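Trainee: Sequence:
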Amino acid sequence: MTASINPDRLSPALRTEALEQLLTERGLVDPAVMDKFISTYENDVGPLNGAKVVAKAWTDPEYKARLLAEGTAAIKELGFAGPQGEHIVVLENTGSTHHVVTCTLCSCYPWPVLGLPPGWYKDPAYRARIVREPRTVLAEMGLTLPDDVEVKVWDSSSEVRYLVLPLRPAGTEDASEEELAGHVTRDMMVGVAR
Numbered sequence: 001m002t003a004s005i006n007p008d009r010l011s012p013a014l015r016t017e018a019l020e021q022l023l024t025e026r027g028l029v030d031p032a033v034m035d036k037f038i039s040t041y042e043n044d045v046g047p048l049n050g051a052k053v054v055a056k057a058w059t060d061p062e063y064k065a066r067l068l069a070e071g072t073a074a075i076k077e078l079g080f081a082g083p084q085g086e087h088i089v090v091l092e093n094t095g096s097t098h099h100v101v102t103c104t105l106c107s108c109y110p111w112p113v114l115g116l117p118p119g120w121y122k123d124p125a126y127r128a129r130i131v132r133e134p135r136t137v138l139a140e141m142g143l144t145l146p147d148d149v150e151v152k153v154w155d156s157s158s159e160v161r162y163l164v165l166p167l168r169p170a171g172t173e174d175a176s177e178e179e180l181a182g183h184v185t186r187d188m189m190v191g192v193a194r
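Residues in the sequence shown are numbered from 1 upward in steps of one, following the working numbering.
Simulated from the structure, these hints should not be mistaken for lab results.
This one's a predicted model, so the numbers in the text were calculated from it and none came from an experiment.
Honestly, I wouldn't trust all of these hints.
[Said to hold, decoys possible] Simulated restraints on C-beta separations:
#1 Leu-19 / Glu-133: 31 to 41 Å
#2 Asp-30 / Pro-146: 34 to 44 Å
#3 Ala-18 / Gly-95: 44 to 54 Å
[Said to hold, decoys possible] Straight-line alpha carbon distances no greater than 25 Å define the calculated DSS-like cross-link-like pairs of lysine-lysine that follow:
#4 Lys-64 / Lys-76
#5 Lys-64 / Lys-122
#6 Lys-122 / Lys-36
#7 Lys-76 / Lys-56
#8 Lys-64 / Lys-52
#9 Lys-52 / Lys-76
#10 Lys-152 / Lys-122
#11 Lys-76 / Lys-36
#12 Lys-36 / Lys-52
Note that beta-carbon positions come from the ideal geometry of N, C-alpha and C, so glycine has one too.
I would like the entire structure built from these sequences, with the hints used as guidance.
Mentor: Structure (structure tokens):
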């Protein structure tokens, strides 16, 4: 008797790995091409682009005004556009307001400025809990905000995606755009870090 595996009981990661292996064995997918695609979105198209947008906004008040008024167009000025970035709204963190982003339905995410979404962003627990108990989830992720800071949760969708403009770090008044970009992380631009 041969034991059969019910694919519905396998984790999505195992199903993905099995599918990738099958497609590779049949010559339909080149692993080197897949690795390059993933690397491009993680390192080039990814958070480095968003960090450049943030650094530009921190150093150029006119650009910042355009970014907050019409995020998509201002981001496109820097050459960042494409699928999953057709309509991006930029939310500015202040000393009294902190924005955090989720997608309760799936994992809509602004790929041109943040790259591939991290696993935790796609996790159903994060997507549900960040809406109900944002301070608790943020604390679990290492961010404890003062009680007088209002936390606003924004739900991305296929129509609109959000990018958080973090607070500029203190003591960086003389830093160049390039230096400032080095201070910006993906998690800051999603709002789970400061």
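Trainee: Now tell me, hint by hint, if it's right for this structure.
Mentor: Checked hints:
Distance hint check: the CB atoms of Leu-19 and Glu-133 are about 35 Å apart, consistent with the given range 31 to 41 Å. Checked against the given bound of 34 to 44 Å, the beta carbons of Asp-30 and Pro-146, roughly 51 Å apart, lie outside it. In this structure the supplied range 44 to 54 Å holds for Ala-18 paired with Gly-95, their Cβ-Cβ distance being about 49 Å. For the hint linking Lys-64 to Lys-76, the alpha-carbon distance of about 13 Å falls within 25 Å, and the restraint holds.
Note on Lys-64 and Lys-122: the hinted pairing is violated, with a Cα-Cα distance of about 29 Å set against a maximum of 25 Å. Only pairs whose Cα atoms come within 25 Å are accepted, and Lys-122 paired with Lys-36 is accepted, the gap being roughly 22 Å. The suggested pairing of Lys-76 with Lys-56 holds, with an alpha-carbon distance near 13 Å, which does not exceed 25 Å. Of the pairs offered as hints, the one joining Lys-64 and Lys-52 holds, with about 12 Å between alpha carbons and a cut-off of 25 Å not exceeded.
For the proposed pair Lys-52 and Lys-76, the alpha carbon gap of about 12 Å is at most 25 Å, so the pair holds. Taking the CA atoms of Lys-152 and Lys-122, the gap is about 19 Å. The hint holds against a cut of 25 Å. Distance hint between Lys-76 and Lys-36 is fulfilled; the C-alpha atoms sit about 24 Å from each other, no more than 25 Å. About 22 Å separates the Cα atoms of Lys-36 and Lys-52, which keeps this hinted pair within 25 Å; it holds.
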